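**Student:** What follows is the residue order along each chain.
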Amino acid sequence: MSLQLVTAAGIVIGLLYLVVVLQIFFARLRNRIRTKRQLGLERTWLPILVADTTAIPESLPPLRQRDLIPFLTLWNQLQESFTGEITGHLNEVARRIGADVQARRMLDQRSLRRRLLAVSTLGHLGDRGDRDSWAALVRLTSDKDGLLSLAAARALTRIDATAAMPVILPPLSERDDWSRNYALAMLTDLGVDVVSRPLTDAALHFPIERAPRLLQYFNVAHLADAMPVVRTLIARTSNVECLAACLRLFADVDDLDTVRDYLHHPSWQVRVQAVNVLARLGREEDYAFLQPLLCDSEWWVRYRTAKALCSLPGVEMSRIRDLSQKHRDAFARDMLVHVLAEAGA
Amino acid sequence: MNVVTVANIFGWAALAYLVGINAVYLVLNVVSFVVLRRHKQRGTLGPLSTRFSSLEVPVSLLIPAYNEEHTVVATVRSLLQLNYSHFEIVVINDGSSDRTLNRLKEAFDLQVFPEVVRRRLATEPIRAVYRSPIYPELKVIDKHNGGKADALNAGINTAQYPLYCALDADGVLRPDSLQSITRPFLDDPLTVAAGGIIRIANGCDVVNGWLVRTGLPRRPLPMLQVVEYCRAFLFGRLGWNPVNGLLVISGAFGVFHKETVIEAGGYRRNTIGEDMELVVRLHRFLGGAGRPYRIVFAPEPVCWTEAPESIGALRTQRIRWQRGLCESLWLNRQLLFSRRGGWAGWVAFPFALLFECLSPVVEALGWVYFGAGFLAGFVGWGFALAFLIVNIGFGTLLSVSSLLLDEISYHTYPRFRQILALLVAATVENLGYRQMTAYWRLVGLVHWIAGTKAHWGDMKRTAEWSSPLPSPQASTTNRT
Numbered sequence: 146m147s148l149q150l151v152t153a154a155g156i157v158i159g160l161l162y163l164v165v166v167l168q169i170f171f172a173r174l175r176n177r178i179r180t181k182r183q184l185g186l187e188r189t190w191l192p193i194l195v196a197d198t199t200a201i202p203e204s205l206p207p208l209r210q211r212d213l214i215p216f217l218t219l220w221n222q223l224q225e226s227f228t229g230e231i232t233g234h235l236n237e238v239a240r241r242i243g244a245d246v247q248a249r250r251m252l253d254q255r256s257l258r259r260r261l262l263a264v265s266t267l268g269h270l271g272d273r274g275d276r277d278s279w280a281a282l283v284r285l286t287s288d289k290d291g292l293l294s295l296a297a298a299r300a301l302t303r304i305d306a307t308a309a310m311p312v313i314l315p316p317l318s319e320r321d322d323w324s325r326n327y328a329l330a331m332l333t334d335l336g337v338d339v340v341s342r343p344l345t346d347a348a349l350h351f352p353i354e355r356a357p358r359l360l361q362y363f364n365v366a367h368l369a370d371a372m373p374v375v376r377t378l379i380a381r382t383s384n385v386e387c388l389a390a391c392l393r394l395f396a397d398v399d400d401l402d403t404v405r406d407y408l409h410h411p412s413w414q415v416r417v418q419a420v421n422v423l424a425r426l427g428r429e430e431d432y433a434f435l436q437p438l439l440c441d442s443e444w445w446v447r448y449r450t451a452k453a454l455c456s457l458p459g460v461e462m463s464r465i466r467d468l469s470q471k472h473r474d475a476f477a478r479d480m481l482v483h484v485l486a487e488a489g490a
Numbered sequence: 003m004n005v006v007t008v009a010n011i012f013g014w015a016a017l018a019y020l021v022g023i024n025a026v027y028l029v030l031n032v033v034s035f036v037v038l039r040r041h042k043q044r045g046t047l048g049p050l051s052t053r054f055s056s057l058e059v060p061v062s063l064l065i066p067a068y069n070e071e072h073t074v075v076a077t078v079r080s081l082l083q084l085n086y087s088h089f090e091i092v093v094i095n096d097g098s099s100d101r102t103l104n105r106l107k108e109a110f111d112l113q114v115f116p117e118v119v120r121r122r123l124a125t126e127p128i129r130a131v132y133r134s135p136i137y138p139e140l141k142v143i144d145k146h147n148g149g150k151a152d153a154l155n156a157g158i159n160t161a162q163y164p165l166y167c168a169l170d171a172d173g174v175l176r177p178d179s180l181q182s183i184t185r186p187f188l189d190d191p192l193t194v195a196a197g198g199i200i201r202i203a204n205g206c207d208v209v210n211g212w213l214v215r216t217g218l219p220r221r222p223l224p225m226l227q228v229v230e231y232c233r234a235f236l237f238g239r240l241g242w243n244p245v246n247g248l249l250v251i252s253g254a255f256g257v258f259h260k261e262t263v264i265e266a267g268g269y270r271r272n273t274i275g276e277d278m279e280l281v282v283r284l285h286r287f288l289g290g291a292g293r294p295y296r297i298v299f300a301p302e303p304v305c306w307t308e309a310p311e312s313i314g315a316l317r318t319q320r321i322r323w324q325r326g327l328c329e330s331l332w333l334n335r336q337l338l339f340s341r342r343g344g345w346a347g348w349v350a351f352p353f354a355l356l357f358e359c360l361s362p363v364v365e366a367l368g369w370v371y372f373g374a375g376f377l378a379g380f381v382g383w384g385f386a387l388a389f390l391i392v393n394i395g396f397g398t399l400l401s402v403s404s405l406l407l408d409e410i411s412y413h414t415y416p417r418f419r420q421i422l423a424l425l426v427a428a429t430v431e432n433l434g435y436r437q438m439t440a441y442w443r444l445v446g447l448v449h450w451i452a453g454t455k456a457h458w459g460d461m462k463r464t465a466e467w468s469s470p471l472p473s474p475q476a477s478t479t480n481r482t
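Listed in order, the protein sequences are those of chains A and B.
Add 145 to a position in the first sequence, counting from 1, and you land on the number used in the numbering used here.
Add 2 to a position in the second sequence, counting from 1, and you land on the number used in the numbering used here.
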């Protein structure tokens, strides 16, 4: 092997080593400069951003291009932290320095950070007349990046919640990559009045296999809207996931007969949900319906049944304790002892 | 074909192999840069997630403990103060022969609880389940010894939440560790497992079981492991993230979707590398079933662990790791080039087999060939130098680039002196230490092939970095 070639390779690696080492020091230096700049930005802008609404100075300090991202980050953080009048004040400052124009431009840029910031900024600004931004945000709800599309949905709901609902419901019922918790928080923020009708209508009219995903948000719907839909769906479907989701929502004693029908459903996921409803709404007579389920083959059904028996009105702990000693099934006895111990009885 | 020709062919093949392995690591390095950048970008709307903290997924923390009387109480105390809305702690005393159980009973006033355990995974018999009247979120399972995997399976059987977090009894966390590691589950519902970066605790300041200051160890052996861990985690694992090809989640700290793990059969009891084996099996199981899933590496530093400070303990650990690797790959060999194997089966698995499993053999034989050949005169200056450049030069380059990754991402070691010390360690690491660990890995490989009985060894934990235990009374009063 040529010694010169090997030496050259060695020199290249040595140089690369030096470059990486220099990069480490450079990164450290850049980090310090960035921190210093961030502190300067906060010193200048925080008093303006969090000041009294009437106190916006006539002439605002110029926002340098290099400060745009840190500024928007700070501005969005403040928007997330505050509610009420101050958010209007933040919007006023942002508009006056042209952050809205910058955000619209950033929507089409490649950087994910810039796009997320742009989406969030436009959402907080909430300009209903800005049709171009609205259309761009609607497009972004179908972006392949789950976080960006969810952020776009959130922005739309902030701009015009009522108009946003028909846009966000289809992805809400379809997208696997939309975090349920984030979506639930978004709907909760919108409030029951806005969410209730569109959500329940969608659950009824979308294909039945998409219903379970929407049913999990029914806590953000009025009972008067939700329950007729739940009753219709439960009568119409045999899908286990859908049945379990429907049962979870029952909150009316008038539905107890329907619920009892599912206590012996072949799927334990359905049985356990039926038991849970009886634990919440059941009456003394449900003792007899529940007792056989203490011998269920599924641990969760036995556990929830034992808990439900303890919570039935008119059923005293002494009766459960008695049952735990006399029951013929060892599994049932053990479970009752377990649940009694949990209850401290 | 004479002996010299065969030797030359071997020399060229070994050189090509080492170039190949380093080239792949360089690619992983570049990918990790991109992933880290993207990860930071995705955190742009950080406050979004903190606003939703009330919606965190409940987690069961499983702590298998075997003869951990010195550390287990402090670990549980620190975990009880985790900044997380909904969790339970399940300590599994795996038939300890020391006072592990008694220490727990005394510290937390444990009482026997008539728990009906849902035996979905087979385990050694459970002697008793204890609960604490002071801390309702704490549960202790006392069972017959069956090994770490068996203990974890027992923990899974009693866990009540949809996610579980497996962690070592001596692991040191930050108050937000659990939030960081469960975030992938919130962000993407397809996530079934997530691991994070494990760091070396030696040299750090730990108070009441919490890490309060990151520092570097004074002793050379753990110092070299700091660099080694940086390399292993920051690009050895992170680089596989974008293609869902991660094959290892450290047993020291990883979060899993419980039902999926149960479906896959839980931890395999007769293997020594149960953490890796489970992850490889999850790929095989979920990929084979055509189910969409994600196994994610969260790049936040989430757990600090004590590194071996003696050569003997380090040797035992590395032999065990290599055996675990070989076993995991062998037991899941159906994943290799399987039709639905995806990147895990078509790229990550062959990479692990070719470059991580077999590399100690090539490296050791390479040193023998080039060393002996150079002395005997049939390996020329150029060839020998090429071997050294590829082996040591590339290795050093990769080590320092992992330090760069850490610097641009988490800036774990903020002092200037620390970065200088790490740079020295990154260079020195390649001049003897790596070769030594490669030899131990070779021993591990030979042991595995020979079927020698595996053992965990007895690592003496000094925990010098940790402050003395707080008294039970003090801790109780701190509780709100």
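These aren't lab readings, by the way, just hints derived from the structure by calculation.
Among these hints, one or two may not hold up.
As the list claims (entries may be wrong) - Dumping the calculated DSS-like pairs for lysine-lysine here, alpha-carbon to alpha-carbon at most 25 Å:
1) A:LYS289 to B:LYS107
2) B:LYS42 to A:LYS181
3) A:LYS471 to A:LYS452
Only a predicted model underlies this, so the values are computations on that prediction, with no experimental measurement involved.
**Student:** Indicate, hint by hint, whether the structure satisfies it.
**Tutor:** Against the structure, the hints come out as follows:
With a C-alpha separation of about 52 Å, the suggested pair LYS289 (chain A) and LYS107 (chain B) falls outside the 25 Å cut-off, and the hint is violated. Between the alpha carbons of LYS42 (chain B) and LYS181 (chain A) the distance comes to roughly 20 Å, so the proposed pair stays at or under 25 Å and holds. Straight-line distance between C-alpha atoms of LYS471 (chain A) and LYS452 (chain A) comes to about 18 Å, which keeps the hinted pair within the 25 Å bound.
Hint check: a violation occurs at hint 1 only; the rest are consistent with the structure.
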